[in-house]
Amino acid sequence: MAEVLITVRLAAPATLEAAMRRLGLTEDDVDTGYGLVPVDPGRDLYVLRVTEEAGRRVGDSGTGVADGGAADGGPYSDPPIEPYGPPR
Amino acid sequence: MRVLIQLRPSPDLVAAVADPSVPSMASDVADGLPGVVLDHSYAPVAVPRPMPASPGGDPLSLNQPLVFSMSPQDASVVVRGEIADDEVASRVALLPVSRRDVVAVYADPAIETSLTCGGDPAVGDWHDVERLLRVPDLAAEGLDGSGVSLAVVDTGINAAYVKAARGQDVTVDHERSWSPEGVSGTPGDFAVDHGTMCAFDALIAAPKASLVDVPVLLSRRQGGSTLDGLLSDAIAAYAHLREVLDAQPAESRALVVTNSWGSFSPRWDFPPGHPGNYSDSAAHPFNLIVGSLAEAGADILFAAGNCGTQCRDSRCAFPDRPIVGANSHPSALSIGGVDTAGTRVGYSSQGPGRLTKRKPDVCAYTHFAGSGALGDDEPDSGTSAACPVAAGLVAAVRSLWPSTVLSPAQLRTLLRRTADDRSAVGYDHDYGYGVVDAAGIIAALRRRAAKAA
Chain A
1 MAEVLITVRL
11 AAPATLEAAM
21 RRLGLTEDDV
31 DTGYGLVPVD
41 PGRDLYVLRV
51 TEEAGRRVGD
61 SGTGVADGGA
71 ADGGPYSDPP
81 IEPYGPPR
Chain B
1 MRVLIQLRPS
11 PDLVAAVADP
21 SVPSMASDVA
31 DGLPGVVLDH
41 SYAPVAVPRP
51 MPASPGGDPL
61 SLNQPLVFSM
71 SPQDASVVVR
81 GEIADDEVAS
91 RVALLPVSRR
101 DVVAVYADPA
111 IETSLTCGGD
121 PAVGDWHDVE
131 RLLRVPDLAA
141 EGLDGSGVSL
151 AVVDTGINAA
161 YVKAARGQDV
171 TVDHERSWSP
181 EGVSGTPGDF
191 AVDHGTMCAF
201 DALIAAPKAS
211 LVDVPVLLSR
221 RQGGSTLDGL
231 LSDAIAAYAH
241 LREVLDAQPA
251 ESRALVVTNS
261 WGSFSPRWDF
271 PPGHPGNYSD
281 SAAHPFNLIV
291 GSLAEAGADI
301 LFAAGNCGTQ
311 CRDSRCAFPD
321 RPIVGANSHP
331 SALSIGGVDT
341 AGTRVGYSSQ
351 GPGRLTKRKP
361 DVCAYTHFAG
371 SGALGDDEPD
381 SGTSAACPVA
391 AGLVAAVRSL
401 WPSTVLSPAQ
411 LRTLLRRTAD
421 DRSAVGYDHD
431 YGYGVVDAAG
441 IIAALRRRAA
451 KAA
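The listed protein sequences derive, respectively, from chains A and B.
FYI, in the numbering used here the residues of the first sequence are 1 to 88.
FYI, in the numbering used here the residues of the second sequence are 1 to 453.
Chain B extracted, bound-state conformation:
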């Protein structure tokens, strides 16, 4: 979290900061603040002291006529820095205690008015995403998704549509695809909708991956709405994916599972603290099976959700911490969204997560002109698009790095470590560890290969 720190150093120092002819630096007044990464590009600023205009006025009230004193004895100095998101409360409490010159610590919120929101036009197109993901470089390394099963757990895939939109052949693995009880249809031949968008976006970085079609969101039970399923359908789907994974030869084990869905509301859940709760409990059967599948060798990615504070989806009903359940699972990657300019989209959910605090893990690209599956002029949007974009990158890596060589946990760490950090202190709850960086991944894999040789 970016913060402004108000200090009252010696009058000489305040006078120097206030004097425009004297260059001063943040380290001159605020060096060594524990837990604070100072922004050295931000020159310290002298701030006047408000004082009652009339003798006898209340020295603490701002609701009266005031005069402002820049006298070195009265004025203070403000510097800018950053505190790790998970240390904010303790650092803010301790700073004035550990340093007597610290007067106060204030938030320094971003004053952006142009974050991309739902309904905004596309920012760039899928070829920009290809370029940003360095798809030609990945292909040159042999990282194109060949031999990798990429399961799209969603509303079903229309392969003919994806093929036409991409202008390239698409492989759907009919044998390994699976539908919940009551869902009829042929894998790869479902109506064009959300799942088709996800398939298109996953193939950007992994054009040769083999798609496994898992339309759990088409399940119609309890008279559900147009596109929703039940979490129990996802449990059954994951049990099937476990069989798929176990049947793969160890030397080429590669199953990537992309999940652009979640639970918007606590209404249908037991409350947090109840043993049967899903949103906050690692013991829920779906959270257990996610951990079990990841441990067996699958890479599991979940969208972080569209409940970002700047323009949250109207369906978001959790009062806070909207990255819930498996979308915040420690053995899955939680994917936030950035536009092709690298700026977080305003609807991308922010952490901390409920099962694991450090969620989202990383961000990937969304809100670009892509499949057109949601409508002619509709961008591929939501963290729904960001998640398969990242899953495609993971599938590309798996082309040459099966999970028996590079475990899912190691791959998650690789993505986090190589991400393009968007803050000064590493992890933050907006971008996670940063934006996925294919160049960094390629370099890291080369180093790993050289070490193994």
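Same shape as in the complex, but just chain A:
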């Protein structure tokens, strides 16, 4: 899994730079082309695509502790998706 997803809550106006600052991430950690994507505007929830290592470092799950990292969720998987047809 080369890259993973993490979520973060940010008050408006949310920017990628603000998210990186909050999470302590560098440009090497983050897919800046993907950017900061709103998941649920009503809940100020955003997602970033980061390296697996960064996901482990700042994610709040998979660490074995309740509040492992600065992110509000993740690391989450980013699996490939494919068309469902024609059946092979």
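Don't read these hints as lab results, they were simulated from the structure.
All figures in this text were calculated on a predicted structure; none of them were measured in a lab.
Treat the hints with care, as some may be off.
Okay, the calculated bits of chain A under chain B, using three or more residues with CB under 8 angstroms as the criterion [what the hints assert, rightly or not]:
| # | stretch |
| --- | --- |
| 1 | 4–15 |
| 2 | 45–56 |
| 3 | 72–86 |
Partial selection, computed: residues in chain B whose CB lies under 7 angstroms from chain A [as the list claims (entries may be wrong)]:
| # | residue |
| --- | --- |
| 4 | A236 |
| 5 | F264 |
| 6 | I289 |
Quick partial rundown of chain A residues pointing at chain B, CB under 7 angstroms, derived from the structure [what the hints assert, rightly or not]:
| # | residue |
| --- | --- |
| 7 | A18 |
| 8 | M20 |
| 9 | V37 |
| 10 | D40 |
A virtual CB, placed ideally from N, CA and C, is assigned to each residue, including glycine.
Please build the complex by placing chain B on the supplied structure of chain A, with the hints as guidance.
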């Protein structure tokens, strides 16, 4: 699930059932079985008791010379019925306890050898689908997709091809279309492929819908295969669709999103139970954004997948329950496939789903001669075709029923309630609530309109 129930009623009753001159009914021997819908068209059948041919033989073994006794004291009776799919385990366990005459409950699998599979020729053509979806009747009601944004989240649309194949103009909404980072090309002008098939099929019931081209499956990251993207691209696409939806006036809010794709393998996912898992976790960001977009007013449809037990796609790698992630989302419609004869195609994935057990929701038509986008003699196939066919029907409804008047949840319920049920107990994991029924939808909308007037 259809079942055979073996009972041992009184000898008099067994004798009556065994006597061909005496008419007997299932209710005579098996009335009131809790949780079982008896099939009254199936006359009870007397079944002989196997017994050891030699004195002293093992009375429980079938691996020895046997004789068969039809004596009323020995024989039993079999009836046919149906148990709701989500109650099978408990009912089968409880029946012999609650009724002492119940000997056993057995599966009664369909013995069909002719289910349509991948590679089979088309069953009917898209004009048959038009007829089955009652497209002229829908149009007469003003339900033709006018004013509705229909987002095809796929490999991109070739509008010129769709126009030529349909013989009608096609509208692509360039302004609202969107591509992932790194995907170049003009909306409506992508290479003819899977997404073009989906667009063609969506327009069968909603010829005047405005197509929003969202080619997420063209994303090329991590050195992916010929046609695949990443789930993160779909998240970004949905964030864009949220902006599209929010910009629509409330009085005409109508965005239908068709998704004929999914994840075939757990290989790239965290395992179920891990907090970062996608297939089984409602907390994954994509599953969150699907729920969020639906709540805001979008109708979201996902193909159930092509991992049906009779002829599953060779890529299917989930060991069981192949309707995973958003394809089993509670706020989306999961669409299975039937051919134009109304029979489930053998590759259409069966439930239960992973996020929601009652998946698929409904079935729609597939495996018909349609766009030809996949090859000259290739049918429009897979639940990939069934999903946009159903999405077109939803888009047709939205022409006059914006989501501020009829919410996505209400519309999902409408499709389920009006579906042509294919079992005796309502929901089943092959067909869901049944096959989409445009006549039922039209009638229900008329009743709703009359009530509101």
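Verification of the supplied hints:
no.	hint	verdict
1	4–15	holds (count 3)
2	45–56	holds (count 3)
3	72–86	holds (count 14)
4	A236	holds (5 angstroms)
5	F264	holds (6 angstroms)
6	I289	holds (5 angstroms)
7	A18	violated (17 angstroms)
8	M20	violated (17 angstroms)
9	V37	holds (5 angstroms)
10	D40	holds (4 angstroms)
Hints 7 and 8 from the list above are not met by this structure, while the remaining hints are.
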